[in-house]
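Novice: Take a look at the letters that make up each chain.
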Amino acid sequence: MVKRARKISAKTSERARSEVRKSLEALAARDDRSADFDYFMDLYGAVQTPEAVSERTGRPVVSLLCIQAPIELIHAAGFHPHKVVSGSQAMANMALQGLPALTCPMLRAVTGAAAAASDGTPGTRRWVLPTTCDWVVKFPEMLESSGAGSIRPSLHWMELPHLKDGDSGQARWLEEVFGLKKFLEGCGGKISRASLDASIRIYRDAWRALTRLAMMRQEGRIAAVWFALIAGAFFLDSPERWTKAALSVNPPPGGARSDERAHVFLAGSPIFFPNFKLLDLLEDSGVSIAADDLCSGERIFPGGVTYRDSSEFGMMSALAQRYHQGCLCPTFIDNDRRINNILSRRMASDFQGVVFHVLKGCHPYDLESLSVEAPLKERGLKFLRLETDYAAEDSQNLRTRIEAFRGTLSRR
Amino acid sequence: MAFKVGLDLGSTAIKAVIVDGDRVAWQGTRATAPGQEAVAEGLLDEGLSALGARRGEISGIASTGYGKKLYASADRHIDEITSNAAGAFILSGGSARTVINVGGQDLKILTLDDSGGVVDFKMNDKCAAGTGRFFELAARILDTPLGDFAKLCLDSEEEVEINSTCVVFAESEMVSLLARGVKKEDIIRALHCSVARRVSGLAGRLSPDGRVYLDGGPAQNGGLASALEDELMTEINVLEAPQFTVAYGAAMSLGA
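Residue numbers (the numbering used here), protein chains in the order written: chain A, 1 to 412; chain B, 413 to 668.
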């Protein structure tokens with residue numbers, strides 16, 4: 001039985017490696033590939049275990065699933081915040097045996113990867129999980145059900161207040177951020193006012209680099225797949241090295257946006273390497289992404305943190321506020337900011353429609369697609385909701401819808 | 413004479429329409445099979461032969477449908493939603509504002525503007541529930557030709573329910589109903605109602621405004637239109653040859 005399980009794990013791991021290989025080969029073969037992208041491609045090609053990331057960054061790793069925990073604080077404590085994500089269909093399939101069919105594909109893939117790599121004993125790495133969606137809350141159980149071992153001994157929960165407006169939620173979140181500080185210190189981390197200030201500056205620089213890339217994409221100077229690749233690599237190396245490489249990216253020759261392409265805003269569920277199916281289909285159908293609000297894209301973290309009060313409390317408060325108020329995750333109750341963000345971005349860009357990506361099983365985004373559709377249409381934007389997962393079998397169906405949607409954009 | 417050709421390479425059938433001006437000169441269909449380009453070529457030859465025309469008289473070919481790119485020599489590849497809208501709009505004399513298309517593997521609901529352009533649309537995802545495949549399966553289980561469904565539906569006397577439009581689960585529902593001695597006529601009526609509910613669910617907030625048309629192969633079955641009228645509480649119109657609307661629209665996309 002154990003032997004069979006090991007064989008399955010080995011086979012799945014090989015399939016996942018093949019997915020990565022094929023995706024990197026496809027990227028390498030693109031006409032608009034430039035040497036500036038090599039650093040990021042190399043990161044995806046490298047081993048992604050916590051040990052490997054730790055060795056690369058020179059810091060012990062704190063594992064995260066999303067962008068809700070303040071990464072500046074984790075970095076300030078001497079750790080590397082490592083967002084554990086996966087777009088691997090092979091890994092998602094591997095986990096399916098022990099999980100409900102409609103489980104979030106991303107967490108399924110992460111669970112599958114953990115199961116494939118685990119010998120069933122509890123892991124020793126540190127985990128920080130803010131209670132964003134139900135899938136995240138159930139993640140430790142998912143791991144255990146799939147034979148990936150338990151992360152509970154080294155897990156810290158951050159209880160997320162789901163109401164943003166009002167002082168109560170913000171005050172409770174600030175307490176949670178102080179709770180995270182205590183956890184990190186309990187793990188051997190040391191946080192000083194100076195280290196926190198330095199960390200905030202490092203991530204502010206990273207934010208500037210990301211914004212520069214987003215602007216290049218908006219202007220059609222780099223393709224959406226390259227932007228997604230670079231943004232997705234953010235947690236795979238030290239923020240300083242990533243920022244330096246991101247600032248070195250220049251538009252590839254011939255990367256200018258053709259006026260014949262339709263321009264859209266991409267909203268909704270995140271997209272993770274190596275599954276760039278939706279990005280590829282949009283590009284093939286003559287649709288360019290001018291901007292996005294994906295937590296794998298322009299929102300890889302909630303933005304540069306600024307503060308007037310430079311005391312430790314002042315910086316902690318600024319961090320808490322930025323990560324609570326600045327987050328557009330649909331798990332929040334009062335999330336009108338998503339609509340306002342899309343509309344304000346439209347002032348600076350010329351997109352004609354919104355493609356709303358729903359990862360099958362991601363219920364908060366699924367529901368939010370309904371509430372944002374009508375207000376955006378009322379303001380003259382076309383709207384296309386695309387629900388999909390990591391499987392390739394619906395590509396033709398998606399292509400038909402995207403092509404027809406593109407037709408509606410050019411009719412304006 | 414210059415003919416325009418529309419080829420709809422669908423999941424279950426390939427349809428060809430040869431158009432003279434905006435008039436349908438010939439239309440024909442063949443079952444989808446491996447080597448779709450060759451099947452489409454054969455169909456086109458059949459049409460040209462029936463018209464006594466030659467290849468040189470074709471001014472352009474547009475392909476649409478899931479297999480549109482497989483017909484590599486087309487002058488234009490056009491998506492089936494845009495083709496469908498154009499075809500239904502022209503064939504309805506410009507009156508269509510909502511089109512419900514039941515295809516071999518998909519369901520679509522389109523809203524059109526007053527020039528036949530697509531304003532909005534809904535389409536099922538990868539599940540084939542409630543599509544042509546569903547009816548094909550039902551015909552096999554009930555051992556009844558699809559062409560007889562509309563007539564048999566009218567003879568239904570007892571109201572029964574089929575809750576699933578899933579091609580897998582509906583099979584067991586139908587088998588259970590047959591085992592209970594429920595008449596085929598009642599099962600067929602229940603099938604139509606089940607698909608109508610699925611269409612209604614897909615439409616969601618996309619309300620069927622203006623004149624509503626049903627097309628796609630299963631639209632030939634009058635029982636479906638009737639069930640949709642009941643479910644959507646609006647008049648449903650069916651074009652004369654609803655399975656060819658998309659191919660016709662593709663041909664017309666080639667312009668004059």
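Worth flagging that the hints you see were computed from the coordinates, not collected in a lab. Please note that a few of the clues may not be correct.
[Unchecked claim] Taking lysine-lysine pairs in the DSS-like style, the calculated list, with each CA pair at most 30 Å apart, reads: (1) B:563 <-> A:360; (2) A:11 <-> A:182; (3) A:277 <-> B:595.
[What the hints assert, rightly or not] Rough simulated footprint, nothing fancy, chain A against chain B, three-plus residues with beta-carbon under 8 Å: (4) 446-460; (5) 526-535.
[As the list claims (entries may be wrong)] Here are a few chain A residues that sit away from chain B, every Cβ distance over 12 Å (derived from the structure): (6) 152; (7) 153; (8) 374.
Virtual Cβ for every residue (Gly too), placed ideally from N, Cα, C.
Novice: Against each hint, give a clear statement of whether it holds in the structure.
Specialist: A quick look at each hint next to the structure:
1. B:563 <-> A:360: violated (40 Å)
2. A:11 <-> A:182: Roughly 41 Å separates the two Cα atoms, so the pair is violated.
3. A:277 <-> B:595: Roughly 47 Å separates the two Cα atoms, so the pair is violated.
4. 446-460: Not satisfied, violated; 0 residues make the cut.
5. 526-535: holds (count 6)
6. 152: holds (36 Å)
7. 153: holds (40 Å)
8. 374: violated (7 Å)
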